[in-house]
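Here the structure of chain A is known, so what remains is to put chain R in place on it, guided by the hints.
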Amino acid sequence: MPRTRPTAKELVVDAPLEWIEERSGFVGLVESFLFRKVPGDTSWLQTLGSSLLTVFMLQATTGVILAMSYHPDPASAYESIRYITDQETLGWLVRGMHKWGSSVMVILLFLHMARTYVFGAYKYPRELTWVTGAILFIMVMAMSFTGYLLVWDQRAYWATVVGVNINGTGPIVGPFLANFLKAGPVFGDQTLSRFYSLHMLVIPGGIFTFIFIHMWLVVRLGVTSAPWSRKRYDEADAREAVESTR
Amino acid sequence: MAETPADNQEDRTTLGEAAAAAANPGSAQAAMTRQKMLTGGTIALGGLMSAIIAVPVTVAALAPAFKKVKEYNIDIGPTSLYPPIGQGQAQFYDVTFESKPDDTSGLSRRLVFIRNDGNNKFTAISNTCMHLGCPVQAFPTGFSCPCHGGQYDTQGRRIAGPPVRPLNRYETSVNEKGHLVLGQLYAMDDSLHRHQLKGPGQPVDGILSYLYPDAPQG
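Here the protein sequences come in this chain order: A and R. Each residue of the first sequence is one higher than the last, beginning at 1 in this note's numbering. Each residue of the second sequence is one higher than the last, beginning at 247 in this note's numbering.
None of these hints come from the bench; they were simulated from the model. The beta carbon of each residue, even a glycine, is placed where N, CA and C say it ideally should be. Check the hints yourself; a few may be wrong.
Within a straight-line C-alpha distance of at most 20 Å, the following computed SDA-like cross-link-like pairs (lysine to any residue) qualify [to be verified]: (1) R:Lys313 x A:Ser69; (2) R:Lys313 x A:Phe180; (3) R:Lys313 x A:Asn167.
Stretch by stretch, here's where chain R covers chain A in the computed footprint (C-beta under 8 Å, at least three residues) [claimed, not checked]: (4) 151-164; (5) 167-179.
Pulled out of the complex, with its shape left as it was, chain R reads as follows:
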């Protein structure tokens, strides 16, 4: 391509095109020069190629945040393992189990506190503190968290410290073999009503609960 003085100018329309555009403002040259078309095309193509890379990558990175995990019913053995406990002692049995039965990494290991309420009824309280998720311990007076001092009564209701709601619970049932089975994990409010599970530190009732949309929980 021959060098013209116009090539060095900021607007790289050729003199001919500029003249044609000036002569006839409604002409094709005035609306769109070859240079402008190629510039626009290059930017559009670059944008398209970036999107082809960026969109799948972003979706793949974000997708796990919206995915639910498979939940299992966990058989934790015959109910005779968990007889009622006398007054003055911690009312709970510590039971460790794998929330994903085939997992050997230890990452799905959970601890649950089982209490025999009589008449083949059981309460299963999760050990995850509802402040920020540390493991709580059972005492005769309730539960206590070592991380930031959250205290709960024997029902798992907060009595002191930073937790925002009572401890989570598992559904319990007794199967045909007479074994205690843990079902779904769920959240509780202060009057011990069941709620959709949310993460630690997220209130399930009251006005603040609207700040925490239901992201999948496990």
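Only chain A is shown next, with the shape it has when bound in the complex:
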């Protein structure tokens, strides 16, 4: 067999990928994630989850950039926000993306949850996917709450005073939860740095973890057919399908 010269694509794309695949298996992993089987009549409504993931990536990326210039200190927080908006190159855009992205994320979250509910996609065997999704929902709400204070203007301050006091009206644990959020019995400079830490370290860590579990379950269990699908499985079929993967 005559030796043929490798093409440019083989040299630049295939060979490095093969090298990586041989050592890590990453390429196969990504392929099995991206090219997995879905029902033939999968709907556009089932792209809301990946839209959410995209917006989360947007929030994480713009958030990291904003954190480079933000000061979580009562004396300079507002000034640093003004610096980001008015002085920094494209700072207004990055901040605007983060601000509007947060609203988009909450809207998509509700649509995604409504879609899951209407499709009955929370039923066996996807209960855990629903539960991890509910935990993600709570964490996104906590992100919205903690992020709102960081702007440190009058609206941010008083909205957070009200929000913390709403937490305080929870029975038994409420008063302690409110004090936990304020880092003490009254609003102080510790409150802002606590919210900052929760907003950019604690809760995002939780969200990353639960997105991983959530998506693991989605890939493992596959996508539900739409309610109008003629190919819709009933629960017995689902149990059989799960058995066959064991």
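Just chain R, lined up with the frame of chain A:
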């Protein structure tokens, strides 16, 4: 260590140990193999190390929820600044002060409504709405909250809207220089009896007050 077929099995006891355990159920091998001991030890050590990290971190994060703030007596100037006001007008003077005297951040700034009751007696009503903590304003008819429409009479008792109890008050006294001094902040019930301070939205009397344990308040 030499590979034995048993190494690939789920229960990684060696054949010798398994045989010894089978031969004598009461033996040491049956109770505890080396493998099991090391597995248990690793889990216990991992748990211990996790606890060494997690316990102090959790305590440090939760501790502020149980800590009281230092309270100060605040001198708000000579009593002559607050003469009685005629009928038909708001009966209160707005006084702003720092609840922590050395604080320059503005975060400890508070607003209090001072009324001269005559005979060197004063009433000091806090401006924190007892719905969810917004600042209320004084009017001739009482107090009004801009956030969710809470309304109070001139004693700070709720007359409409969502607040659960009357406005908080400060202890007042007149010191030897003739200055009005604000003391401790305290909560009120509808019959204007004094109660231990609680956060906004938390009732201080009636059956619902049992749902709100006394977390430190400032």
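| field | Hints that the structure is at odds with (numbers, increasing) | value | 1
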